[in-house]
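Here's the letter readout for the chains.
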Amino acid sequence: MRGINLHGIWAIYRTEMQRALRTVWQSIATPVITTALYFVVFGAAIGSHMQQMGGVDYGAFIVPGLMMLTILTQSISNASIAIYFPKFTGTLFEILSAPLSAFEAVVAYVGAAATKSIGIGLIILVTATFFVDLEIRHPFWMLGFLAITSVAFSLFGFIIGIWAKSFEQLAIIPSLVVTPLTFLGGAFYSIDMLAQPWRTISLFNPVVYLVSGFRWSFHGVGDVSVAASLAFMTGFMAICLAILWWMFRTGYRLKP
Amino acid sequence: MPPILSISGVEKHYDSGLTALGGVDLAVRRGEIFALLGPNGAGKTTLISIVCGTVTMSAGTVLVAGRNIVTDFRATRSTIGLVPQEIALDIFSTVWNTVQFSRGLFGRAPDPAYIEQLLRDLSLWDKRHSKTIELSGGMKRRVMIAKALSHEPELLFLDEPTAGVDVNLRRDMWALVRRLRDRGVTIVLTTHYIEEAEEMADRVGVIDKGRILLVEDTAALMEKMGKRRLMLELQQPMAAIPAELQGWPLELQSDGQRMVFTFDAHGEGTGIAALLKRLGELGIDIKDLETTRSSLEDIFVSLVERG
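Residue numbers (full-length UniProt numbering), protein chains in the order written: chain X, 1 to 256; chain A, 1 to 307.
Calculated directly from the structure, the hints in this document are not laboratory data. Honestly, I wouldn't trust all of these hints.
[Unchecked claim] Below 20 Å or equal to it, Euclidean Cα-Cα: the simulated SDA-like pairs (lysine to any residue) are:
#1 A:K209 with A:Y193
#2 A:K131 with X:P86
#3 X:K255 with A:D111
#4 X:K255 with A:K127
#5 A:K131 with X:M237
#6 X:K255 with A:G17
#7 A:K131 with X:R14
#8 X:K255 with A:H13
#9 A:K127 with A:P153
#10 X:K255 with A:Y193
Please read all numbers here as calculations on a predicted model, not as lab measurements.
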């Protein structure tokens with residue numbers, strides 16, 4: 001065997017995807033129902049009392065933010081559980097003893113988690129079309145942002161899964177950090193609506209850049225420039241890769 | 001041909017200050033069954049975990065079939081199979097899927113015919129569609145073995161293969177290990193059951209407190225260190241060894257009802273005939289007699305105590 005262990009990457013990727021298919025109802029029904037509920041509450045109940053925002057209907061306006069909210073939490077939880085669970089049950093030994101490099105393991109696990117997130121993101125998009133008229137200005141950019149966000153936050157989730165020593169720790173970052181930041185990051189409003197100093201403070205919220213870039217790909221307008229969004233995502237991904245590289249090199253919480 | 005496994009100067013120190021291995025040198029020959037014998041906490045599992053890549057060594061070099069396990073890990077790990085002590089399975093996966101997964105993980109293309117034969121050999125074929133969570137303990141252990149063999153390794157590590165296993169399964173396990181050896185697989189097993197090492201192994205390495213105390217052919221070890229004893233049940237209890245028998249390696253047991261004669265089975269003449277003749281001359285009557293040989297266990301205890 002030379003070069004890359006493709007059979008190994010495929011074995012992990014396939015097993016992870018099979019795991020999602022075993023719980024296909026949770027995997028699909030949850031985002032569909034959640035999205036529908038958001039549209040009922042924000043779109044129909046509240047949106048009907050709201051004017052257009054940034055030149056689009058409020059219902060259409062919240063679609064990118066809603067997708068982001070789910071993609072972030074799903075990427076993190078999928079990737080973190082994928083590595084935490086083998087650690088918890090002891091089956092990690094097999095991964096560690098396999099002729100598989102750290103890079104290959106990350107490609108397989110993060111690839112599977114990101115695939116699921118992209119799938120869920122697209123399901124939400126399709127669900128949304130039942131509630132609002134959607135026009136996507138830059139479809140390829142939209143798919144690009146969807147993919148890069150899914151990968152970046154799956155990497156982040158993978159780090160959390162390695163770091164976590166308990167199920168509590170596994171849940172703490174998504175629920176205490178990511179979800180609040182997403183809600184405050186302009187998922188359901190434009191930060192232009194905020195009074196100072198909150199508008200400036202919001203610019204320190206990383207999720208603002210994700211939502212803004214994504215919204216730009218839909219409606220052609222965002223809170224910050226597309227370049228800033230792209231720079232942020234690339235930087236975030238680079239930091240995650242650097243941390244993972246260090247974790248595998250030192251065996252941090254993976255092997256003694 | 002280089003040894004299939006060559007370990008030199010391997011140390012493992014934990015951050016806590018614990019030294020699990022303090023400089024281990026060991027060579028395992030191709031095609032043999034090698035038993036690594038030692039009490040709990042001796043460093044057996046740490047040593048094989050280092051070879052398999054699940055623990056990072058602090059110092060030393062390990063070669064598998066002449067290749068370095070750190071710089072050439074792809075080549076070495078694809079030739080190694082590991083059955084750990086603890087059963088750890090993806091409980092929602094079926095037997096077939098989890099064994100298939102292991103083969104792929106170790107870089108091999110799917111080979112349903114091989115996996116089928118493997119599962120049949122391990123009496124798991126009927127259970128191939130069962131989830132591993134539904135299996136009995138003995139079956140789960142066999143699934144662990146099937147996973148370790150799924151990529152056709154040349155070197156198989158069995159960490160405490162029969163710990164907590166009933167007698168029948170232990171016999172099956174031993175038979176399986178012999179069949180694997182006949183196919184050319186080198187087997188390294190750790191155990192603290194002396195009888196297992198004595199029964200199975202071509203060679204035995206004794207490890208304690210992170211150091212190898214000795215490595216020897218099992219038979220040679222028995223020969224070199226195995227003393228035999230002749231137990232004589234006396235008709236009349238005896239208070240002390242009679243003066244006429246001073247100079248013989250004798251001792252009394254059971255309140256003087258039993259006389260024990262220790263002899264070297266491989267020396268020139270065991271001395272049994274001479275002793276019995278002498279006893280007859282002295283008029284000491286014997287009810288019953290029996291000879292025993294010391295087991296590996298006795299040898300092991302004496303080694304560990306000395307070490």
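TODO: Please name the hints from earlier in the document that this structure breaks, with their numbers sorted from lowest to highest.
DONE: Result: hints 3, 4, 5, 9 and 10 break, sorted rising.
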